[in-house]
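There are 2 protein chains.
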Amino acid sequence: MWPGEAHSLKVKEILFQEKSEYQNIIVFESTTYGKVLVLDGVIQLTERDECAYQEMITHLPLCSIPNPKKVLVIGGGDGGVLREVSRHSSVEQIDICEIDGMVVDVSKRFFPKVAVGFEDPRVNVKIGDGVAFLKNVVEGTYDAIIVDSSDPIGPAQELFEKPFFESIEKALRPGGVVCTQAESIWLHMHIIEEIVSVCRQIFKGSVNYAWTTVPTYPSGVIGFMLCSTEGPPVDFKHPVKSINDNERPLKFYNAEIHSASFCLPSFAKRAIEM
Amino acid sequence: MWPGEAHSLKVKEILFQEKSEYQNIIVFESTTYGKVLVLDGVIQLTERDECAYQEMITHLPLCSIPNPKKVLVIGGGDGGVLREVSRHSSVEQIDICEIDGMVVDVSKRFFPKVAVGFEDPRVNVKIGDGVAFLKNVVEGTYDAIIVDSSDPIGPAQELFEKPFFESIEKALRPGGVVCTQAESIWLHMHIIEEIVSVCRQIFKGSVNYAWTTVPTYPSGVIGFMLCSTEGPPVDFKHPVKSINDNERPLKFYNAEIHSASFCLPSFAKRAIEM
Chain B
1 MWPGEAHSLK
11 VKEILFQEKS
21 EYQNIIVFES
31 TTYGKVLVLD
41 GVIQLTERDE
51 CAYQEMITHL
61 PLCSIPNPKK
71 VLVIGGGDGG
81 VLREVSRHSS
91 VEQIDICEID
101 GMVVDVSKRF
111 FPKVAVGFED
121 PRVNVKIGDG
131 VAFLKNVVEG
141 TYDAIIVDSS
151 DPIGPAQELF
161 EKPFFESIEK
171 ALRPGGVVCT
181 QAESIWLHMH
191 IIEEIVSVCR
201 QIFKGSVNYA
211 WTTVPTYPSG
221 VIGFMLCSTE
231 GPPVDFKHPV
241 KSINDNERPL
251 KFYNAEIHSA
261 SFCLPSFAKR
271 AIEM
Chain G
1 MWPGEAHSLK
11 VKEILFQEKS
21 EYQNIIVFES
31 TTYGKVLVLD
41 GVIQLTERDE
51 CAYQEMITHL
61 PLCSIPNPKK
71 VLVIGGGDGG
81 VLREVSRHSS
91 VEQIDICEID
101 GMVVDVSKRF
111 FPKVAVGFED
121 PRVNVKIGDG
131 VAFLKNVVEG
141 TYDAIIVDSS
151 DPIGPAQELF
161 EKPFFESIEK
171 ALRPGGVVCT
181 QAESIWLHMH
191 IIEEIVSVCR
201 QIFKGSVNYA
211 WTTVPTYPSG
221 VIGFMLCSTE
231 GPPVDFKHPV
241 KSINDNERPL
251 KFYNAEIHSA
261 SFCLPSFAKR
271 AIEM
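Protein chains in written order, with the UniProt record's numbering: chain B, 1 to 274; chain G, 1 to 274.
Chain B with its partners taken away, still in its complex shape (with noise of 0.2 Å):
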């Protein structure tokens, strides 16, 4: 997905090394990035900065509407994503599905501090197709859904298709939000263009934008697609809540940061509101 170049992480040790039904895992100890997560050769996290993947992708959508209750993870193995929801205090059903069951038990393994988000009393577990799952999803349920997935090559191809943001939409209350991984502006505008093309077809609420700094991501930069239903409006970008991380302070995310999220370079502005 990213030609021509390569980002490269001293491996001190590796950990864990097998092929599961769906893709190749490996855990490794790097030098300076601690423990390192790869799916079929790609870094789906580091111990080091995991933390604006996983706060981003969780916040963005739940701080934009006051009082979510539902909330759905599809992909998100690791856990780190249950873990941010959990903050929310308000939520009170957290379902995830996840296509690989040796993801789970080995980020609850090798990543103690990521998968703690499986230990909330609030989240039901479901090892299975997410795009199988969501056909089965009642109508309405719920609030927010959150697509931590891989990239479009591999099991999480069909994430990234109409039919995928169709159900997506149906599961959705009226005024709910949406947040599903979007590539990088710098490598893959292309792909983000016909996302957004997608979602403008499919989401009468709004449909945004918005990305952060992941330094072991290709280009050190990942996106989000923001989008909400026909309903209550949502005004992505100005959160409606603050998270109080008194106890457990927030390493990456706040208000401020959120708002920025969703100012473009102009390169990106011009092809994304076309």
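Just so you know, these hints were derived from the structure itself, not from any lab.
Accuracy of the hints is not assured; some may be wrong.
Any copy, or any two copies together, can satisfy a pair, since identical chains are not distinguished.
In silico lysine to aspartate or glutamate, EDC-like type, Cα no more than 20 Å apart, as pairs [to be verified]:
{"no.": "1", "residue 1": "Lys162", "residue 2": "Glu5"}
{"no.": "2", "residue 1": "Lys251", "residue 2": "Glu193"}
{"no.": "3", "residue 1": "Lys237", "residue 2": "Glu247"}
{"no.": "4", "residue 1": "Lys237", "residue 2": "Glu256"}
{"no.": "5", "residue 1": "Lys10", "residue 2": "Glu29"}
{"no.": "6", "residue 1": "Lys204", "residue 2": "Glu5"}
{"no.": "7", "residue 1": "Lys19", "residue 2": "Glu193"}
{"no.": "8", "residue 1": "Lys108", "residue 2": "Glu13"}
{"no.": "9", "residue 1": "Lys269", "residue 2": "Glu247"}
{"no.": "10", "residue 1": "Lys19", "residue 2": "Asp105"}
{"no.": "11", "residue 1": "Lys269", "residue 2": "Asp245"}
With chain B's structure known, arrange chain G on it following the hints.
Coordinates of chain G only, in the frame set by chain B:
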């Protein structure tokens, strides 16, 4: 400066390789980032992403004051900052002091779209040591000084030290502004904290840190120190002017991303605002 990791670009062809009086200079054609300038093994710019760095380091200071007339650039031998300064019609005089004449020659030969900045008739080029140059500047000469340096190991070392910032302060008019390259929040928080602390002692106007995305810099981000001297107050976070870019559209900078660049992740905010 970033142990345990490497970012590699695929080389199509090495175009230039020579040792100047100060450093090793390499220019190569990459497969996906265009031509690349490398000093002492560190990527300085690629044709694909140089817009982010050059536009931000220039317009963050120059759009924060109403009518900059005299601008000094320290370093910046590739000419990219000059190219951006030249967009500001109020500017009457652009001085540049670059230590390594070979960088200027190489840029003119291989990066004409960057080195085009040297063609502006307002530009006066001085090849020499920026530290020595500043000592001879008449007090209060410049409205803005931009320090486009390489990292604090090698010829740019002094540009990160207290006496240098003191000379900058003297060379600026009351309410004048400086913008210096100031490393990565992900990799060099200790260097940044030191620079911030030094700047707080010296600049009695305001002291701010901003950052932006540059994929080919380590960790994918680069920061800037923005300070003003005692005098008319400068609110860096809210630009006071915009750029008419109808003829030559800006690729990266816009007023929104200007303000957004001052919003820091919580971990950096805590360290810097302490």
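Now for the hints, and whether the structure bears them out:
no. : hint               : in the structure
1   : Lys162 with Glu5   : neither (30 Å within a copy, 37 Å between copies)
2   : Lys251 with Glu193 : between (30 Å within a copy, 17 Å between copies)
3   : Lys237 with Glu247 : neither (26 Å within a copy, 31 Å between copies)
4   : Lys237 with Glu256 : both (10 Å within a copy, 12 Å between copies)
5   : Lys10 with Glu29   : within (9 Å within a copy, 26 Å between copies)
6   : Lys204 with Glu5   : neither (38 Å within a copy, 44 Å between copies)
7   : Lys19 with Glu193  : neither (33 Å within a copy, 44 Å between copies)
8   : Lys108 with Glu13  : within (19 Å within a copy, 46 Å between copies)
9   : Lys269 with Glu247 : between (38 Å within a copy, 18 Å between copies)
10  : Lys19 with Asp105  : within (13 Å within a copy, 53 Å between copies)
11  : Lys269 with Asp245 : between (33 Å within a copy, 15 Å between copies)
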